[in-house]
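Colleague: Could you build all of it, start to finish, from the sequences and the hints given here?
Number of protein chains: 2
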Amino acid sequence: MSLVLYELCGADSARCFSPYAWRVRMALLHKGLAFERRPTPFTKIAQIAPEVSRTVPVLVDGDKVLSESWDIACYLEDTYPDRPSLFGGEGGRAAARLIESWANASISGRIVRMVVRDIHDILAPEDQVYFRTTREERFGATLEEVQADRDERLADLATALLPMHLMLKNQPFIGGDAPLHTDYLLFGTLQWARVSSPFQMVDPASPVGQWFERCLDLYDGHARATPAAAA
Amino acid sequence: MSLVLYELCGADSARCFSPYAWRVRMALLHKGLAFERRPTPFTKIAQIAPEVSRTVPVLVDGDKVLSESWDIACYLEDTYPDRPSLFGGEGGRAAARLIESWANASISGRIVRMVVRDIHDILAPEDQVYFRTTREERFGATLEEVQADRDERLADLATALLPMHLMLKNQPFIGGDAPLHTDYLLFGTLQWARVSSPFQMVDPASPVGQWFERCLDLYDGHARATPAAAA
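Taken in order, these protein sequences are the chains called A and B.
Counting in our numbering, the final residue of the first sequence is number 234, and the numbers go up one at a time with none missing.
Counting in our numbering, the final residue of the second sequence is number 234, and the numbers go up one at a time with none missing.
Read the hints as simulated data drawn from the structure, not as lab findings.
Accuracy of the hints is not assured; some may be wrong.
[Claimed, not checked] Within a straight-line C-alpha distance of at most 27 angstroms, the following computed DSSO-like cross-link-like pairs (lysine-lysine) qualify:
#1 A/K67 - A/K34
#2 B/K47 - B/K67
#3 A/K172 - B/K67
#4 A/K47 - A/K67
#5 B/K172 - A/K67
#6 B/K67 - B/K34
[To be verified] Each pair of labels, with its calculated beta carbon distance range:
#7 A/A151 - B/K67: 55 to 61 angstroms
#8 A/R227 - B/E140: 22 to 28 angstroms
#9 B/P201 - A/R135: 47 to 53 angstroms
#10 A/E140 - B/S209: 26 to 32 angstroms
#11 A/E129 - B/P201: 42 to 48 angstroms
#12 B/T82 - A/H168: 27 to 33 angstroms
#13 A/A151 - B/S16: 53 to 59 angstroms
#14 B/L165 - A/S209: 41 to 47 angstroms
#15 B/A37 - A/K67: 47 to 53 angstroms
#16 B/E54 - A/S209: 34 to 40 angstroms
#17 B/D180 - A/K67: 46 to 52 angstroms
#18 A/Q213 - B/T58: 26 to 32 angstroms
Cβ atoms here follow ideal geometry from the backbone N, Cα and C, with glycine treated the same way.
Modeller: This is the structure:
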């Protein structure tokens, strides 16, 4: 086995939560490629491949070391063209860039303010210090303050997810009848929330919640095997 | 010439503004298909093809009468497969459904509240009565009230367009190096605003504004030939 995926984990190495690493993990499963996982806590990331990246995911394929989840997905698509396509053609690849930006800016940007203190709580002590310092500087507020009024922001998140709600009236996946990388882009964001926080932000019975459950079922329930954060 | 496109127009029949009709018009140009346009005011739409649709666009192709802009785009893609593809493959078609829902729910839904009174002003008198009655009932407010605080809502629109802003760091069109139907989905929405209202909601010098200008330049500046609403 030559593929190695470095992911981000909490104090429990089974609790991998980086949305970007989840996108790559689902892409590897989609391609049917065997890979070894190396869960890595925040304060160890800089040691993985400091000449290549200071963030996860990092994918090692033989003598190649790759970073940035988008670049890794494109690498997998182009390097393993005989395996199931991640994009369903060049139009799909191009459109996926807008959907990636939507998932990041319009969805992750809202979710981080609902889970940032909960992420802190699943980290090992030395990672908690790093995380609190960097994130409180970024937000200009304590983690507790950022997350405080999350109940009041649920309606705003539902509005931001309305495009998914509408699309799901027509097809079961963003990829159409079956998932493509576009699904994994949003899935990674919601799996990040599921694994790091007990806060329920999407009703499991809603169309978006049911789509998420379908994604958790993929590849023999692979993503479901990482447990949801306990309340 | 067998293709006929029924569009929505104001008192001036040159002022076609329906976002959905613009999506179809750009798709026809993309396919390189000749077509005749039939500008139609609100109160005449019901007479176009009442057995098929009570909304525009309506496309007549020989003995076929088609409605719904999404269905028409798919019809064109499937009926004229030897002409330039609108979707760039099945992954692109599937992803376009999410991008369509995003353009409708996240962008058009914001823009309508900035232009609804201005749309009224470009209509013929009998259409103004219809438009005011139906829209004021929908919004539960006068057209003037709906549009009143639009300056204060510009920042919210910019935030909703952030996914485009980020995507454009990587490629010039949603379709990649060249436009696809995904571009026309959002273009139709912004062209609707341009043709019906003098209110400037996207800075022409911004990345999104520059992308919009590139779309106006397509097909010998076809969409630019419909003048922007005068202040």
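Colleague: Now tell me, hint by hint, if it's right for this structure.
Modeller: Right, here's what the structure says about each hint:
no., hint, verdict
1, A/K67 - A/K34, "holds, 18 angstroms"
2, B/K47 - B/K67, "holds, 20 angstroms"
3, A/K172 - B/K67, "holds, 26 angstroms"
4, A/K47 - A/K67, "holds, 20 angstroms"
5, B/K172 - A/K67, "holds, 26 angstroms"
6, B/K67 - B/K34, "holds, 18 angstroms"
7, A/A151 - B/K67: 55 to 61 angstroms, "holds, 57 angstroms"
8, A/R227 - B/E140: 22 to 28 angstroms, "violated, 46 angstroms"
9, B/P201 - A/R135: 47 to 53 angstroms, "holds, 49 angstroms"
10, A/E140 - B/S209: 26 to 32 angstroms, "holds, 28 angstroms"
11, A/E129 - B/P201: 42 to 48 angstroms, "violated, 58 angstroms"
12, B/T82 - A/H168: 27 to 33 angstroms, "holds, 30 angstroms"
13, A/A151 - B/S16: 53 to 59 angstroms, "holds, 55 angstroms"
14, B/L165 - A/S209: 41 to 47 angstroms, "violated, 24 angstroms"
15, B/A37 - A/K67: 47 to 53 angstroms, "holds, 50 angstroms"
16, B/E54 - A/S209: 34 to 40 angstroms, "holds, 36 angstroms"
17, B/D180 - A/K67: 46 to 52 angstroms, "violated, 26 angstroms"
18, A/Q213 - B/T58: 26 to 32 angstroms, "holds, 30 angstroms"
In summary, the structure is inconsistent with hints 8, 11, 14 and 17 from the numbered list given earlier, while agreeing with the others.
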